[in-house]
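Participant: Taken in sequence, the protein lines are chains A and B. Every letter in the first sequence is one number past the one before it in numbering that gives the first Met the number 0, and letter 6, counting from 1, is 5. Every letter in the second sequence is one number past the one before it in numbering that gives the first Met the number 0, and letter 153, counting from 1, is 152.
For the record, the hints were derived by calculation from the structure and aren't laboratory data. A few of these clues could be false.
Looking from chain A toward chain B, a few residues come up when the C-beta cut is under 7 Å (computed) [as the list claims (entries may be wrong)]:
| id | residue |
| --- | --- |
| 1 | Gln10 |
| 2 | Gly19 |
| 3 | Ser52 |
| 4 | Glu53 |
| 5 | Leu54 |
| 6 | Glu71 |
| 7 | Thr72 |
| 8 | Ile73 |
| 9 | Arg75 |
| 10 | Arg82 |
| 11 | Pro99 |
The calculated SDA-like cross-link candidates involving lysine to any residue, where the alpha carbons are at most 20 Å apart (straight line), are [to be verified]:
| id | chain 1 | residue 1 | chain 2 | residue 2 |
| --- | --- | --- | --- | --- |
| 12 | B | Lys61 | A | Glu77 |
| 13 | B | Lys142 | A | Val103 |
| 14 | B | Lys61 | A | Ala11 |
Glycine included, every Cβ here is placed at the ideal spot set by N, Cα and C.
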Amino acid sequence: MNRNEIELKVQALVDGELTGSEAEALRQRINDDAGLQQLHASLTQMRGLIADSELPRPLPESGDFYWNKIAETIEREESAGERAAPPAPASRWLLRWLTPLVGVSAVVLLLTLQQPTAPDLGIMLSGDHELELSSDEIDVMTYNTDDDSMSIVWLDYSMDIQKDYMELWLD
Amino acid sequence: MPAVPDYSTAEEPQLVNWAKGGDLQAFEELVSRYRDRAYARAFSIMRNEDIAVDLSQNAWVKAWQRLAQFHGEASFPTWLNRIVTNLCLDELRRRKRARTDSIEEIEEATGAVENRMEIQEVDPMERLNREELRERIDAAMAKLSDNHRTVLVLYEYEQIEYKHIAEKMGTSIGTVMSRLFYARKKMAALLGETLKRDGLIE
């Protein structure tokens, strides 16, 4: 430990930041070193001086003027908060990303089932099947054409989904 | 018709409870009681009246928004002053990002200037009354760098441990110890100078 490190330890001792055994060892060292004794005394005195020295300081402007700005800011931010959507909890955050993912998965499933070579999954679909989502936040349009063996599904979803649940099924 | 509460004579916990329930007048009474303290803390760190007023007002707004998080572990003004201090630290960080480290800041971190100072044996208590002494300490604090002054405020006024100061200032415990050491050394030197200038010591 160099001199500077020892000085910082002395300060830690004065500030009560050292543990019992460490503090005891340092006290022994201070007893044997006049320079450290002087430093210890100086730091102890300085600590006592500053601790209670914060000046009371009156506001440089009137209390009413000061309060009015606070009140105006509170009112403005509360109005803005009411207009904005409430912060989304984790489950909603998950749904925000899960919803389009489920939608896209459904489309892929539909297209797979439409393939002539698709394995028989035991799901019978009529020619006019539709994809339906119960979430009000998501608009779904489907277009089926038997001639081209193709289904097109159009999902229109908002990024601020407020529903706590969503059900997806094939009809 | 329910009676209007007498805010001016209400106890602090009652005012806090009313404010938590959305009573802005109760909150105004709290502001009236503690605005000077909040401003004084912001000024202690920032040393600029306008900035201290702005930051202390922002702290009141944040306090209103976070009242539900106040559970009375500390007193209300102590809790409020922590918000003030945090906003001041944010402001200092924002400023620091906007400039590059000067030579003075590099010297400050290593104690290059303070290392050349002799250890001052100052006993101003013998020569000054308490108020005079506070004035001189305040004047000396104003001459410290932002980092040195902030670490002193956090340790001496807020009574925060080294490790928590390190977290707040985004630095290591070693740096906090070093800044605190050199800040005290510089304070002792500045106080010694002012006492010498006034002929109070030789």
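Participant: All the hints need checking, so say for each whether the structure fits it.
Facilitator: For each hint, the structure was consulted:
1. Checking A/Gln10 against chain B: minimum C-beta separation of about 5 Å stays under 7 Å; hint holds.
2. Interface hint status for A/Gly19: violated, as the beta-carbon distance to the closest one in chain B is roughly 17 Å, over 7 Å.
3. Annotation: interface hint on A/Ser52 holds; nearest CB of chain B at approximately 4 Å, less than 7 Å.
4. Look at A/Glu53: its Cβ gets to within about 5 Å of chain B, closer than 7 Å, so that hint holds up.
5. With its C-beta approaching chain B no nearer than about 5 Å, A/Leu54 sits inside the 7 Å limit, and its interface hint holds.
6. For A/Glu71, the interface hint is violated, since its Cβ never comes within 7 Å of a Cβ in chain B; the closest pair sits about 10 Å apart.
7. With a cut of 7 Å, the hint placing A/Thr72 at the interface with chain B holds, because the nearest CB-to-CB distance is about 5 Å.
8. Below 7 Å, beta-carbon pairs count as interface contacts, and A/Ile73 has one with chain B at about 5 Å; its hint therefore holds.
9. Hint status for A/Arg75 relative to chain B: violated, with the closest Cβ pair at about 10 Å, above 7 Å.
10. With its C-beta approaching chain B no nearer than about 16 Å, A/Arg82 sits outside the 7 Å limit, and its interface hint is violated.
11. Interface hint at A/Pro99: violated, since its Cβ lies 33 Å from the closest Cβ of chain B, which is beyond the 7 Å cut-off.
12. Of the supplied pair hints, the one linking B/Lys61 and A/Glu77 holds, its CA atoms being roughly 12 Å apart against a limit of 20 Å.
13. With a C-alpha separation of about 64 Å, the suggested pair B/Lys142 and A/Val103 falls outside the 20 Å cut-off, and the hint is violated.
14. As the CA atoms of B/Lys61 and A/Ala11 are separated by approximately 34 Å, the hinted pair breaks the 20 Å bound.
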